[in-house]
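Novice: If you count by my numbering, then the sequence shown holds residues 97 to 691, one letter each, in order.
It is possible that some hints are incorrect.
Pair by pair, the computed Cβ-Cβ distance ranges are [claimed, not checked]: (1) Asp120 / Val558: 33 to 39 Å; (2) Asp475 / Ile510: 17 to 23 Å; (3) Gly594 / Val558: 31 to 37 Å; (4) Ala402 / Leu526: 55 to 61 Å; (5) Glu664 / Gln591: 20 to 26 Å; (6) Ser273 / Gly625: 55 to 61 Å; (7) Asn671 / Pro426: 40 to 46 Å; (8) Arg307 / Ala380: 25 to 31 Å; (9) Val558 / Gly205: 33 to 39 Å; (10) Leu526 / Arg191: 53 to 59 Å; (11) Thr593 / Ser273: 55 to 61 Å.
Okay, derived cross-link-like pairs now, DSBU-like style, lysine-lysine, Cα gap no bigger than 35 Å in a straight line [said to hold, decoys possible]: (12) Lys604 / Lys516; (13) Lys688 / Lys570; (14) Lys172 / Lys688; (15) Lys653 / Lys570; (16) Lys354 / Lys291; (17) Lys648 / Lys570; (18) Lys653 / Lys688; (19) Lys570 / Lys146; (20) Lys570 / Lys604; (21) Lys425 / Lys453; (22) Lys172 / Lys146; (23) Lys146 / Lys249; (24) Lys597 / Lys570; (25) Lys354 / Lys516; (26) Lys688 / Lys214; (27) Lys214 / Lys354; (28) Lys648 / Lys604; (29) Lys425 / Lys516; (30) Lys453 / Lys516; (31) Lys648 / Lys688; (32) Lys688 / Lys597; (33) Lys291 / Lys453; (34) Lys597 / Lys653; (35) Lys604 / Lys146; (36) Lys172 / Lys570; (37) Lys570 / Lys214; (38) Lys516 / Lys172; (39) Lys249 / Lys354; (40) Lys249 / Lys214.
What the hints contain is simulated information worked out from the structure, not anything from laboratory work. Every residue gets a Cβ at the ideal spot worked out from N, C-alpha and C, and that includes glycine.
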Amino acid sequence: MIRLLSTLVFSLAPLSAQILLQSDPYFSPNSDGTRDTLWIEVDALPSDLKRSRDWRLEISSGGGIIRTIRADRRRKNISWIPFVKGRETIRTARRILWDGRNDSGQLVGDGYYDVWMKVDTLAGDTIVSEPLRVTASTRKPRIHLSSDQSIMKRVDAGGISEESGPILIAQSILEGSAYRFEGAFLNASGRVVEKRRWEGELPAAIEWNGRGFFGNAAHGVYRYRLTAEDAAGNRNSAYLNDIIITDQDLEIDLRSEKYFFSPEARSNIELEPVRVAGLTGRSAGSASSVPGDWSFQITRSVGGRAIFRQSGSTLPGRLIWNGLSEAGKPVSGGVYYAHLTKGESQSVYKPIYIDRKPPSVSIGVGWNDLSPDGDGWQDLQRISLGASDNYDLESWSLSIAVEPDETIQSPHRIFQGEGKPPSRFYWDGLGDNGEQLQSLERLTFVLEARDRAGNVRSSRLVRRSTAILFRPIKPGSPDLVSRIPDYRAFTPLDQLTGTGKRRLRAAKRQLSSYRSYFVRVESHAAMPGGEEENLLRSEFKASRAHAYFLQKGVSRKRIDFRGMGETEPLREDSNPFLDYRNSRIEVRLTLKREL
Numbered sequence: 097m098i099r100l101l102s103t104l105v106f107s108l109a110p111l112s113a114q115i116l117l118q119s120d121p122y123f124s125p126n127s128d129g130t131r132d133t134l135w136i137e138v139d140a141l142p143s144d145l146k147r148s149r150d151w152r153l154e155i156s157s158g159g160g161i162i163r164t165i166r167a168d169r170r171r172k173n174i175s176w177i178p179f180v181k182g183r184e185t186i187r188t189a190r191r192i193l194w195d196g197r198n199d200s201g202q203l204v205g206d207g208y209y210d211v212w213m214k215v216d217t218l219a220g221d222t223i224v225s226e227p228l229r230v231t232a233s234t235r236k237p238r239i240h241l242s243s244d245q246s247i248m249k250r251v252d253a254g255g256i257s258e259e260s261g262p263i264l265i266a267q268s269i270l271e272g273s274a275y276r277f278e279g280a281f282l283n284a285s286g287r288v289v290e291k292r293r294w295e296g297e298l299p300a301a302i303e304w305n306g307r308g309f310f311g312n313a314a315h316g317v318y319r320y321r322l323t324a325e326d327a328a329g330n331r332n333s334a335y336l337n338d339i340i341i342t343d344q345d346l347e348i349d350l351r352s353e354k355y356f357f358s359p360e361a362r363s364n365i366e367l368e369p370v371r372v373a374g375l376t377g378r379s380a381g382s383a384s385s386v387p388g389d390w391s392f393q394i395t396r397s398v399g400g401r402a403i404f405r406q407s408g409s410t411l412p413g414r415l416i417w418n419g420l421s422e423a424g425k426p427v428s429g430g431v432y433y434a435h436l437t438k439g440e441s442q443s444v445y446k447p448i449y450i451d452r453k454p455p456s457v458s459i460g461v462g463w464n465d466l467s468p469d470g471d472g473w474q475d476l477q478r479i480s481l482g483a484s485d486n487y488d489l490e491s492w493s494l495s496i497a498v499e500p501d502e503t504i505q506s507p508h509r510i511f512q513g514e515g516k517p518p519s520r521f522y523w524d525g526l527g528d529n530g531e532q533l534q535s536l537e538r539l540t541f542v543l544e545a546r547d548r549a550g551n552v553r554s555s556r557l558v559r560r561s562t563a564i565l566f567r568p569i570k571p572g573s574p575d576l577v578s579r580i581p582d583y584r585a586f587t588p589l590d591q592l593t594g595t596g597k598r599r600l601r602a603a604k605r606q607l608s609s610y611r612s613y614f615v616r617v618e619s620h621a622a623m624p625g626g627e628e629e630n631l632l633r634s635e636f637k638a639s640r641a642h643a644y645f646l647q648k649g650v651s652r653k654r655i656d657f658r659g660m661g662e663t664e665p666l667r668e669d670s671n672p673f674l675d676y677r678n679s680r681i682e683v684r685l686t687l688k689r690e691l
């Protein structure tokens with residue numbers, strides 16, 4: 097009677113003519129931890145649609161539906177109301193996560209996607225939302241920097257500064273797109289002396305007059321860094337090195353592809369002596385064409401005492417320093433300066449960065465067990481990352497693996513990117529190929545960071561991170577299944593171990609929320625071994641699990657068991673990890689239709 101009155105009330109209520117969807121119009125499903133997923137908000141849902149018979153979110157591309165996200169149709173009880181059965185109506189979702197995957201579990205490509213929500217009302221109508229268009233964009237902007245004049249001659253005398261003219265830098269985006277930009281000039285210590293920001297359009301060229309936040313920048317060597325970010329959060333940075341402010345007429349210089357050096361990561365650093373063509377800073381051939389003997393020095397400060405030196409009459413094409421002093425001892429970390437003289441000409445003191453210290457890294461995950469089974473409770477895992485270095489970070493990666501113990505491990509998901517990792521993001525539990533986690537699986541998280549000198553450090557966190565997961569047996573079905581590994585859950589004589597009892601006890605606690613369901617306990621075997629033996633052993637294991645549930649108070653009328661042998665493997669092939677996954681206890685919940 098109550099159900100009939102409820103249906104009549106909803107039938108008489110006015111139907112909404114429109115459902116509004118909102119989201120960020122851009123996202124970037126490229127596993128770098130930044131805006132990898134898209135939250136779709138159901139805005140101002142009318143009261144008559146807050147409960148429904150069914151709803152689904154359809155995502156299309158090129159006229160075809162590539163992903164359907166369906167309502168959770170499970171009949172779950174409110175645990176603190178002891179005699180209330182699970183609801184037959186469905187709570188219409190107000191917030192839906194799309195992880196950028198299609199129905200096959202593959203990440204979609206860049207492009208436009210249209211999103212609709214369809215709600216089947218309690219009155220028997222279907223309401224369709226206005227379409228929402230979103231854009232997936234995963235390409236990082238590729239930046240090009242060049243300079244037609246990278247040397248400024250500035251002579252300061254009598255309080256008057258005579259300058260040759262500003263530094264000229266051309267900048268452009270070669271691939272991808274961007275709308276937010278930041279340009280920064282850095283001194284030899286890596287400190288920013290001037291910063292500029294643009295939005296919308298990047299200036300094709302800029303000038304720098306050699307001034308910083310507090311007046312004229314000192315004579316020395318500088319770098320220009322341009323960072324570009326697009327609407328989907330994809331970021332990239334590029335550097336223009338060898339910007340020089342000097343009071344000399346330069347004829348020679350020292351150049352290198354890398355100025356960051358770690359003796360632990362690389363054996364030595366190489367510098368190329370070049371002849372400089374005027375204020376452009378461009379190479380005009382080898383410095384060996386300049387007459388005179390040469391002397392190469394490494395100093396701790398500009399103009400300071402040499403800690404390493406070489407000299408001769410014939411200048412080699414590469415000057416090599418292995419990070420040792422003249423006494424053969426490793427130097428400490430910090431900024432050093434390379435200086436070359438050739439006859440009457442000399443270079444500026446070119447900074448070299450010795451970095452012996454690996455980055456600092458840290459990783460943290462939420463305290464609650466991860467439960468990505470779509471019931472709206474702890475479906476996402478919060479991940480916090482930290483990484484820092486004396487200088488810039490080059491790259492990072494976060495590897496997540498399923499690791500039952502030290503002998504069995506399988507990679508599950510990798511997040512990676514350039515520069516610093518995001519400080520915090522959320523993970524839905526899916527693997528790189530869309531594979532789902534199972535119940536009570538132990539995960540390992542390994543964060544690795546690399547600095548510009550090549551030093552690497554990692555941090556490893558191990559914890560059991562999944563709860564008992566009940567997922568629909570088929571999409572849109574109210575019937576559920578939980579797959580629990582039986583690894584170390586049984587003795588060689590197939591009796592339950594303490595580990596096995598703890599796992600089943602965790603499953604038993606969940607059954608109190610599913611009182612409208614009939615329970616079947618199944619045991620599944622891995623592929624190795626004879627079929628008959630696997631079948632017999634699985635039947636005995638299922639009976640042991642069934643007996644444990646009865647002992648813990650599950651009604652005999654509500655539960656049965658069955659041994660399945662190796663007839664329904666999750667994967668047909670065999671290796672230690674797949675055997676671990678295939679050998680399992682399944683707790684299947686079938687809705688009692690008569691209720």
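Novice: Against each hint, give a clear statement of whether it holds in the structure.
Specialist: Hints and how they fare:
1. A beta carbon spacing of about 34 Å between Asp120 and Val558 agrees with the range 33 to 39 Å that was offered as a hint.
2. Taking 17 to 23 Å as the suggested C-beta distance range, the pair Asp475 and Ile510 conforms, at roughly 21 Å.
3. Judged by the Cβ atoms, the range 31 to 37 Å given for Gly594 and Val558 is violated: they are separated by roughly 20 Å.
4. Restraint check, Ala402 to Leu526: a C-beta distance of roughly 57 Å satisfies the suggested window 55 to 61 Å.
5. One distance hint, 20 to 26 Å for the beta-carbon pair Glu664 and Gln591, holds here, with the actual separation near 24 Å.
6. Roughly 57 Å separates the CB atoms of Ser273 and Gly625, a value that falls within the hinted 55 to 61 Å.
7. Between Asn671 and Pro426 the Cβ separation comes to about 45 Å, which falls inside the hinted range of 40 to 46 Å.
8. Look at Arg307 against Ala380: about 29 Å separates their beta carbons, and that is inside 25 to 31 Å.
9. In this structure, Val558 and Gly205 meet the distance hint of 33 to 39 Å, their C-beta atoms being roughly 35 Å apart.
10. Separated by about 18 Å at the C-beta atoms, Leu526 and Arg191 break the suggested range of 53 to 59 Å.
11. At roughly 57 Å, the beta carbons of Thr593 and Ser273 sit within the given window of 55 to 61 Å.
12. At roughly 43 Å between alpha-carbon atoms, Lys604 and Lys516 are farther apart than 35 Å, so this suggested pair is violated.
13. Only pairs whose Cα atoms come within 35 Å are accepted, and Lys688 paired with Lys570 is accepted, the gap being roughly 17 Å.
14. Taken as a hint, the Lys172 and Lys688 pair is honoured in the structure, with Cα atoms around 13 Å apart against an allowance of 35 Å.
15. Restraint check: the Cα-Cα separation between Lys653 and Lys570 comes to about 25 Å, which is no more than 35 Å; the hinted pair holds.
16. Restraint check for Lys354 and Lys291: the C-alpha separation of about 23 Å stays at or below 35 Å, so the hint holds.
17. The hinted pair formed by Lys648 and Lys570 meets the criterion: a straight-line CA distance of about 29 Å does not exceed 35 Å.
18. For the given pair, Lys653 sits about 12 Å from Lys688 by alpha-carbon distance, which is consistent with the 35 Å threshold.
19. Our distance criterion of 35 Å between C-alpha atoms is met by Lys570 and Lys146, whose separation comes to about 24 Å.
20. For the given pair, Lys570 sits about 23 Å from Lys604 by alpha-carbon distance, which is consistent with the 35 Å threshold.
21. The straight-line distance between the Cα atoms of Lys425 and Lys453 is roughly 17 Å, inside the 35 Å bound, and the hint therefore holds.
22. At most 35 Å may separate the alpha-carbon atoms for a hinted pair to count; Lys172 and Lys146 meet this at roughly 17 Å.
23. Between Lys146 and Lys249, the direct Cα distance comes to roughly 71 Å. Violation of the 35 Å bound is thereby established for this hinted pair.
24. Using a Cα cut-off of 35 Å, the hinted pair Lys597 and Lys570 holds, with the two alpha carbons roughly 28 Å apart.
25. A C-alpha spacing of about 19 Å is found between Lys354 and Lys516, which places the hinted pair at or below 35 Å, so the restraint holds.
26. About 27 Å separates the Cα atoms of Lys688 and Lys214, which keeps this hinted pair within 35 Å; it holds.
27. Our distance criterion of 35 Å between C-alpha atoms is broken by Lys214 and Lys354, whose separation comes to about 56 Å.
28. A hinted pair counts as satisfied when its Cα atoms are at most 35 Å apart, and Lys648 with Lys604 qualifies at roughly 8 Å.
29. Distance restraint check for Lys425 and Lys516: the Cα-Cα separation of roughly 33 Å lies within the 35 Å cut-off, and the hinted pair is therefore satisfied.
30. In summary, the hint linking Lys453 to Lys516 is supported, as the alpha carbons are separated by about 17 Å, within the 35 Å threshold.
31. For the suggested pair Lys648 and Lys688, the alpha carbons sit about 21 Å apart, so the restraint of at most 35 Å is met.
32. Distance restraint check for Lys688 and Lys597: the Cα-Cα separation of roughly 27 Å lies within the 35 Å cut-off, and the hinted pair is therefore satisfied.
33. Pair hint Lys291 plus Lys453 holds up; C-alpha atoms about 28 Å apart against a cutoff of 35 Å.
34. Between Lys597 and Lys653 the CA atoms are separated by roughly 22 Å; this keeps the pair inside 35 Å, and the hint holds.
35. The suggested pairing of Lys604 with Lys146 holds, with an alpha-carbon distance near 31 Å, which does not exceed 35 Å.
36. This hinted pair checks out: Lys172 and Lys570 have alpha carbons roughly 17 Å apart, not beyond 35 Å.
37. Using a Cα cut-off of 35 Å, the hinted pair Lys570 and Lys214 holds, with the two alpha carbons roughly 20 Å apart.
38. This hinted pair does not check out: Lys516 and Lys172 have alpha carbons roughly 42 Å apart, beyond 35 Å.
39. Straight-line distance between C-alpha atoms of Lys249 and Lys354 comes to about 25 Å, which keeps the hinted pair within the 35 Å bound.
40. With a C-alpha separation of about 68 Å, the suggested pairing of Lys249 with Lys214 is violated against the 35 Å cut-off.
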